[in-house]
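**Student:** What follows is the residue order along each chain.
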Amino acid sequence: MESTNIENGTNIVNKPFEFTGKAGEFFGIWIVNVALTILTLGIYSAWAKVRTNQYFYGNTLLDGSSFRYTANPKQILKGRIIAFIVFMLYFAASNVSPFFGAGAFFILMLLVPAFLVMSMAFRLKNSVYRNVRFNFDKNFSSVYKIFAIPVVVMSAYIFVVSQFQESIASGANGKPEFPIFVFVLLGIIALMAPWWEFMITNFRVKHSKYGNADFSFSATTKNYYWLYIKMVLVLIAISVVVGLVATGIAALFKSETADPSEIMQYMPVLMFIIIVPFYLWLFAYLATKRTNLLYNNIDIAGHKTQSDLKTGYMMYLYFTNTLGILLTLGLLMPWAKIRTARYRASVTSVNVVGDLSQFVAIQTDHQAALGEEMGEMFDMDLGF
Amino acid sequence: MIKGSYFSGETSDKKDVSLYYKEDGFVGFYELNIDDVNFNDINISSRLGNTPRYINFPDGSQFETLDNVAIDDMVKKLANDPLHGLAHKLESTKSFILFTVVAVILFGWLFVQYGIPAFSKQIAELLPEEASQYMGQGVLDAMDKGFFSESKLTKKRQNELTQLFNSLLKNIEGSKNYQLKFRLGGKIKANAFALPDGTIVFTDELINLAENDLEIAAIMLHEIGHLKNHHSLRATIQQFSLGMFVMVVTGDVSTSSSIITAIPVMLVESGFSQGMETEADNYSLEYMKKHKIEPNHFATMMEKLEASYSMEYQVCMDSLSDKGNNRLKRIKCINDAVQLSKSESNDNDKSAMDYFSTHPSSKERIDRFRQK
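Heads up: the protein sequence lines correspond to chains A and B, in order.
Under the numbering used here, the first residue of the first sequence carries the number 516, and numbering increases by one thereafter.
Under the numbering used here, the first residue of the second sequence carries the number 12, and numbering increases by one thereafter.
Looking at chain A on its own, in the form it has when it is part of the complex (with noise of 0.2 Å):
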């Protein structure tokens, strides 16, 4: 629906994204992809993940006009190439033995902050609206320093703890004494958190352009620590509740029979009751709020973003879509891929004042693949 209003004399109009994608046609598209990957060992992957992206960038118009995944399949081989040879590297290293593996995850720590930018920049060269490319500054300086702070932190908690265990191995001289000094670093970690998530998000969103237009974004370190505030209550919240419904039933079986056992038996029915709704929700609270948080605090050249995702169906959709891709064997996972990409694209949309006409496109260089996939074979998902 757009819905239209004049404010100070410019047109305001609210462009909703739409998603075309079905799920049956990208089913074709998907087993296709899978069966061609097995059969040429893993190299077709390339071309198959650039059709992937293309149906679905293809498949999100915003008035009127597609969405385009531009990327190289050879490209992205040769990355994929260079980190597969890194990650079995990595892994026997850390077969070998730890010391040789704590040494290779060391260097390739060093090194996320610089595969996090490649990233940002591979991806964003390579969407292209209306036949005007996104872009990235790729400002390495700055990311590493958003990143000193977290890992100077990061690196005295584990030197810390590795220092208390040494102690405790060695020394047998009465109880080790714990230090009050872990609680402190860990205390100090997670109220850096927001704020780290904060920089990091401003970082790739300032840094992004669509043509020669900056982004800007409006959010502030307060929304991301309110946004953690009101996780960590509703967390209280349900432990409170758990715990009475637990010790109800404690004492319930307790009247019952005296055996220990007979309470273990349910255990784990128990925890499955518990812990299942537990997680989904955390999930998908944190999924929705940092989306919406994310897209309601974007401005390109005046045209604002909007998102407006729900937890509570963000919950039935995750539910569903595991449930659904674990019940066939992973058959369902285009249908779980096609749906969540249509209610993200029916609740986000664009204000736009007047027309979005107006973009002057800029010359770019192509971004080389492999910052992307090593992020990818890492398992770092990092696009918008």
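No lab work stands behind these hints, which were simulated from the structure alone.
As the structure is a computational prediction, the values presented were derived from the model and not from experiment.
C-beta atoms are modelled at their ideal positions from N, C-alpha and C, and glycine is treated no differently.
Don't take each hint at face value.
Unchecked claim - In the DSS-like style, the derived pairs of lysine-lysine whose C-alpha atoms are separated by at most 30 Å in a straight line are:
id : chain 1 : residue 1 : chain 2 : residue 2
1  : A       : K640      : B       : K25
2  : A       : K589      : B       : K87
3  : B       : K25       : A       : K530
4  : B       : K87       : A       : K537
5  : B       : K100      : A       : K589
6  : B       : K14       : A       : K530
7  : B       : K105      : A       : K589
8  : B       : K26       : A       : K724
9  : B       : K105      : A       : K537
10 : A       : K819      : B       : K25
11 : B       : K26       : A       : K819
12 : A       : K530      : B       : K26
13 : A       : K804      : A       : K660
Stated by the list, open to error - Anything over 10 Å on all C-beta distances counts as not near chain A; from chain B, calculated:
id : residue
14 : Y41
15 : K200
16 : D224
Starting from the known structure of chain A, arrange chain B on it as the hints suggest.
**Tutor:** Same frame as chain A, now just chain B:
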């Protein structure tokens, strides 16, 4: 005539246009005042479902249309490229899709069930002995720090058992660096395991369950079976290949939360592990039959092992004033526990959790040694 939108590539301005093409291979737009372009100089995106098609012109401009049929028609008339649209043909042919689904499921199952284990076995046998030596270095050190303490068995008893171990090794080729070590298990309780470098560790608690040393020999043979079959190395290779396989099949599915792949992977890995336990059991069984050792000893020991984790056994052992130094009292505790667990469990049902276990169910394992 194909209706669509035209974008210059300089700005995001959109023009509604109609594209025409002539038999001589030239393409142009009715609404725009630009020269016709040779068909060979334009780039037409390949068809992908019903997503829009894009035609890119040498000057950087782009034409976008939803009329896939018309574009396909134009490509057929003007281009002589049989490969154009091949992927789409495969992706949209119902019978081919059905065939692919069956083929992928069948192949996936065969590959995971038989392919990965067989191929890991091949590689493990090809790798030099040193590969095993490097693996798991420091595992025993870590376990000594975390769980074990020094064995309380007497030197005499340790020597007896080492002699038994060496007498078993006499008949086994390539076992020169196998060695036996004893530890007080503590939290680990009654257990035995083989490290990739050839060290076999027995806990005092396990040794103390045996009434007859042949029962211990049966377990030693099981652990030797793990070593002979390079199980540590194979498990590592299997884990790696399974990880790669999952990565290849799921591709970059970001919607799949980890649980979707975690559960099947756990099931498959348990299956691999159960397979290797059965192999080690087989090794023990073969050896015992060949060298006229009664296979019942293995079964007896398995029953005791299982019963030793029961509450009743722990209570009985704790009640012994001399901390279990009296052999007869100790044996009575375990035999009582075995009797009790036999009388309690008569159900043959395999519970769902058994599929996640690293070991086959004890009952299955015991039955195999009782029959033969």
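**Student:** If a hint holds in the structure, say so; if it does not, say that too.
**Tutor:** Now for the hints, and whether the structure bears them out:
no.	hint	result
1	K640(A) <-> K25(B)	holds, 21 Å
2	K589(A) <-> K87(B)	holds, 27 Å
3	K25(B) <-> K530(A)	holds, 16 Å
4	K87(B) <-> K537(A)	holds, 26 Å
5	K100(B) <-> K589(A)	holds, 22 Å
6	K14(B) <-> K530(A)	holds, 23 Å
7	K105(B) <-> K589(A)	holds, 29 Å
8	K26(B) <-> K724(A)	holds, 23 Å
9	K105(B) <-> K537(A)	holds, 15 Å
10	K819(A) <-> K25(B)	holds, 20 Å
11	K26(B) <-> K819(A)	holds, 24 Å
12	K530(A) <-> K26(B)	holds, 19 Å
13	K804(A) <-> K660(A)	holds, 26 Å
14	Y41	holds, 20 Å
15	K200	holds, 18 Å
16	D224	holds, 34 Å
Every hint, counting from the list given before, is met by this structure.
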